[in-house]
Amino acid sequence: MTDPLDALRTPVTPVDPDPRFAAELRVRLERAVLAPPGARPQGNKTRGDAMTTAVDAPMQTLSSYLAVDDARRALEFYAAAFGARRSGEPIVMDDGRIGHAELIVGDSVLMLADEFPEAGHLGPRARGGPSQSLYLRVSDVDGTVRRAVAAGAELERAPADHDYGRNGVVIDPFGHRWMISASPAATTGPRHGDLVYLTHAVADSERARAFYGAVLGWTFSPGRVEDGWQVEGTNPPAGMWGGAEQPGIEPVYSVEDLDAALAAVRTSGGQAGDPQQRPYGRMAECVDDQGIRFQLLES
Amino acid sequence: MPPLRDDEGVSEQPRVRPDPALALLEIYDAALPQVHGYLLTRCSDHTLAQDLTAETFLAAVAAARAHPEPVTVGWLIGVARHKLVDHWRRREREQRGLRLAHSTRTEPEDPWDATLDAVLARQVLVTLGPHHRAVLTLRYLDGLPVAEVADHLGRTLHATEALLVRARTAFRAAYEGGQSSD
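Here the protein sequences line up with chains A and B, keeping their order.
Each residue of the first sequence is one higher than the last, beginning at 240 in the numbering used here.
Each residue of the second sequence is one higher than the last, beginning at -15 in the numbering used here.
Isolated chain A, as found in the complex (with noise of 0.2 Å):
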């Protein structure tokens, strides 16, 4: 007898997917492929696993895979200066050199080798200085240049405030140049009633950073006070600091005239502090009419 249903037959046809999609996946195929074995989950077994592999940080459309003369002191050096963080080990040649290391920085993906002369795999000094600039955005443009030029950066332009925005020049010390430039939250001005920074008062900040960066990827630059600390890169900015006695998170918002909103607290049943002049604005510590408490900011 004859089966209708064979008439179901039907041969592989190649149909071209949607070529962001092939240039995503081709980003992620080669980032499984080219991560050392064992440091990440091998099995895939489930569309969870496949997704949870590149927990790290996902892969963006651009990212940079620099050529360095020192690939141990460049995993160090961005570590300090920007915070990086490691993704994965690196592969380590049998020669000696690193073929491959990922780094994470801020929400970015940073892919670096040693020199490969014989694959044309060379960095900015071997060809007289860079070609390109690396720009990063940064919530302390100051702070993140210090910083580069403590771990050994050579300072190309101090930060000064430009029509964009913020920013400064440095060279690393494998030659590339970093535009350190403030993130848009910090170069467009807020709305009064904008909510404009969170602050994470906690009684062990270590815990806390452990706690934050195991959870929600943050990482910390150290801040202006003793066991205070940025979180890079979130919107809007926030901080933490330690040894609080009061544990809790506090919103800052904007306003347009603390004078006129302090008023406005003490009138509408709440509790108002001194305004303070700190570097960024004048600022008070608020107790709401239910006794949560906020701080003011003019900016």
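Calculated directly from the structure, the hints in this document are not laboratory data.
Please read all numbers here as calculations on a predicted model, not as lab measurements.
A few of these clues could be false.
[Claimed, not checked] Quick partial rundown of chain B residues pointing at chain A, CB under 7 Å, derived from the structure:
| id | residue |
| --- | --- |
| 1 | G21 |
| 2 | T25 |
| 3 | S28 |
| 4 | T31 |
| 5 | L32 |
| 6 | G62 |
| 7 | Y124 |
| 8 | V130 |
Glycine included, every Cβ here is placed at the ideal spot set by N, Cα and C.
Starting from the known structure of chain A, fit chain B onto it as the hints suggest.
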């Protein structure tokens, strides 16, 4: 990444043998439309086809290393078929409660002598439950022998034959219903 992929570099590679997964990158451009086309014509859902395509290539990295055999388009289609079956198995689990409420007994089939309208047949296939779609796809669209279908589904030959009978019955009922309603 230049040092690992450059051909000259590979000849000086200190790796003892080339990583079989590297072949995936080499055939990616040629294999992608094939794998995607295979999945798209069988699951009729663009998003799902992309998800399964991604799963296929990423799972192939570990599979290529675990079972060193030549990485070819045909081999990747095999991986894709596993992913498709896994997908239907998940769907089947989700719908199991529903299915038990009106589970069907296996009854002898009437001989069915018809010439199928390919477009309608495909539309009908999409409306069937995941377990029926899986068995019909492997048996008819892919043209696999029943024993291989049984392997893929993790069922015995006997259970697979019984499932095929039920799936054909469900298909025929839906197909004839679809014809009369048009």
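Handout entry: Numbers of the earlier hints that this structure fails to satisfy, in rising order
Key = When the structure is compared with the hints, numbers 3, 4, 5, 6, 8 turn out to be violated.
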